[in-house]
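J.: Sequences are here, hints too, so could you generate the full structure?
As a plain string of letters, each chain reads:
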Amino acid sequence: MGSINRRHFFRRAQHFVTGLAGGMLGGTLPSAADTTLVQGAPASGYGARSRFETIKRWITPSRYPTATASWTPLAELEGVVTPSALHYERHHGGVPDIDPQAHRLLVHGRVARPLEFTLDELRRFPLVQRVCFLECSGNGYREWSGPGGADVQQTHGLTSCSEWAGARLADVLHECGIEPDARWVLAEGADGAAMTRAIPLDKCLDDVILAYAQNGEALRPEQGYPLRLLVPGFEGSISVKWLRRLKLGTQAWRTREETSKYTDLLPDGSAREFSFVMEAKSVITRPSPGGAPLTSGFHEIRGLAWSGRGRVTRVEVTTDGGRSWQDARLHGPVLPICHTRFTLPWRWDGAATRIASRCHDETGYVQPTREVLRAVRGDHSFYHYNGIQCWQVDGDGRVRNA
Amino acid sequence: MREQGRHYRAALALVPVLAATTVAGADAGDDGRYGLGHAAAPAHIAAQDIAIAPNGAELPPGGGDARTGAAVYAARCAACHGSSGREGPDPVLVGGQGTLASDAPLQTIGSYWPYATTVFDYVRRAMPFTAPGSLTPDEVYAVTAFLLHANGIIEADTVLDRETLPAVVMPNRDGFVPDPRPDLP
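Chains as they are written, first to last, in the working numbering: chain A, 11 to 412; chain B, 42 to 226.
Source of the hints: derived by calculation from the structure; they are not laboratory data.
Watch out, some of these pointers could steer you wrong.
To be verified - To give an idea of the chain A side of the interface with chain B (calculated C-beta under 8 Å), a few residues:
1. A203
2. A204
3. T206
4. G259
5. F284
Stated by the list, open to error - Simulated DEER-style distance windows between Cβ atoms:
6. B:E204 to A:A122: 22 to 32 Å
7. B:A172 to A:G360: 56 to 66 Å
8. B:A98 to A:P110: 28 to 38 Å
Built from N, CA and C at the ideal position, the CB exists for glycine as well.
T.: See the structure below:
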């Protein structure tokens with residue numbers, strides 16, 4: 011939306027507000043405590059958030075706390091970067107405690123020179139860095155069959171976005187001399203599940219990162235400390251954490267995590283394999299379920315959009331249940347394979363309605379509805395849900411998944 | 042990039058004194074390498090080379106059948122996966138054949154997994170859940186045989202080893218199709 015439009019909107023909004031003046035957000039405010047009369051806390055070596063800030067990841071209840079997921083509280087976050095401490099987690103055998111001095115990366119198989127690398131050596135390769143989202147392919151799995159998650163944390167919290175830094179995987183593979191018949195790279199973690207996935211060699215030579223840093227500091231233990239793969243645009247589980255081994259081979263390995271899991275069962279009983287890319291998706295994070303009911307008047311609709319195939323080019327928002335759609339403002343820089351923040355000014359008139367967002371990416375792909383997804387993939391898909399997320403705003407201002 | 046590396050090497054020969062300050066901007070050397078890493082000892086590779094592809098090339102020596110596997114299963118697996126592998130509470134390992142196209146698909150080793158080698162690979166690395174990596178190769182062969190026999194895929198006396206395991210043809214071997222996305226109208 012252009013600035014003229016926006017000004018026009020604000021003038022109208024203000025006009026409307028003046029009309030209601032007396033009812034507005036209730037009278038005067040109590041005065042704040044005066045913190046200028048005493049010395050505050052001293053400087054500290056490693057910062058912590060304010061004691062008043064309490065948002066946290068939501069953990070899927072499980073018999074096994076080491077084989078579960080924790081979800082990012084998207085509704086409370088701004089910008090596009092997820093704080094490392096709130097990045098979603100999905101573990102299959104817990105978070106290992108790894109001494110980086112003792113950690114090694116073995117690269118072998120279809121290479122001329124099998125090599126082992128220390129962390130210090132990997133840091134000597136040329137640096138590559140990018141801001142990039144990572145999304146679990148199970149993000150939104152409950153939404154396949156209808157409104158499922160209670161709030162945006164439970165519907166979409168298995169996506170997070172960080173600045174990652176490390177070595178280019180291609181450089182490290184070339185160091186070992188890739189044999190001409192190599193086609194796949196098996197990646198193995200040093201966790202209690204020795205998590206394994208295989209990645210097509212072409213992708214490895216394109217943009218995969220051997221990441222040792224996240225948001226400027228060493229990876230968090232739960233994000234793969236001291237070394238993980240970062241496979242841009244692909245489902246999260248392929249970005250193997252606690253990476254200890256890469257093996258080049260001529261064929262796919264068909265590990266459990268690329269056969270039993272992370273495949274997509276279709277109505278005719280066949281299943282899609284190697285469905286790696288996370289397709290374009292968006293969600294309104296504010297307003298969204300939870301928190302205080304909305305009051306009528308001005309609200310800026312805020313949300314996130316992303317695509318595993320490249321840049322988000324457009325996000326449309328409806329505030330009337332899909333009858334009309336308006337283009338939201340995208341807050342730059344809009345990066346490929348990155349969370350993209352969108353906003354749209356909105357004046358809620360107090361009547362029940364439905365709001366939703368739908369995004370487009372640079373390949374021309376448009377985020378589909380649940381109905382369209384189910385018409386093609388049937389009723390038993392679990393992974394790769396990217397349907398339009400609709401929130402119901404009730405007349406009393408409460409917002410719920412619809 | 043490589044090209045630059047060559048020019049850099051040429052320059053280096055002429056002006057050795059500048060080397061220390063210039064090296065930061067240099068890319069890989071003449072052979073495209075940075076000269077980093079340590080040769081991996083064969084024994085070190087062998088110890089870690091546990092991922093089993095469908096051709097079974099990395100399978101260890103040893104073997105076992107469903108009868109020995111039943112004892113391993115009862116002692117090490119049944120508490121979580123049920124006495125016959127059908128009861129849970131953890132993932133159901135037996136049954137489900139013929140259900141994949143139905144209203145209630147049951148995806149198990151028997152009904153869904155395309156390769157028997159995956160069972161060996163996963164059980165050896167990740168099970169039993171509370172003591173991963175604690176089974177001997179013989180025990181993994183045996184419990185794999187137990188699970189495949191329980192699914193009606195091999196006979197009770199079939200010995201699984203590095204030759205016979207990759208030859209097992211799973212019922213859903215041809216059930217997987219490549220990802221066609223974008224797939225929507």
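J.: Next step is simple, just say for each hint if it's right about the structure.
T.: Status of the hints after comparison with the structure:
1. A203: Status holds, d = 5 Å.
2. A204: 4 Å, holds
3. T206: For T206 of chain A, the interface hint holds, since the closest Cβ of chain B sits about 6 Å away, which is under 8 Å.
4. G259: With a minimum Cβ separation of about 6 Å from chain B (threshold 8 Å), the hint on G259 of chain A holds.
5. F284: Status holds, d = 6 Å.
6. B:E204 to A:A122: 22 to 32 Å: 30 Å, holds
7. B:A172 to A:G360: 56 to 66 Å: 59 Å, holds
8. B:A98 to A:P110: 28 to 38 Å: Given range 28 to 38 Å: holds, Cβ gap about 32 Å.
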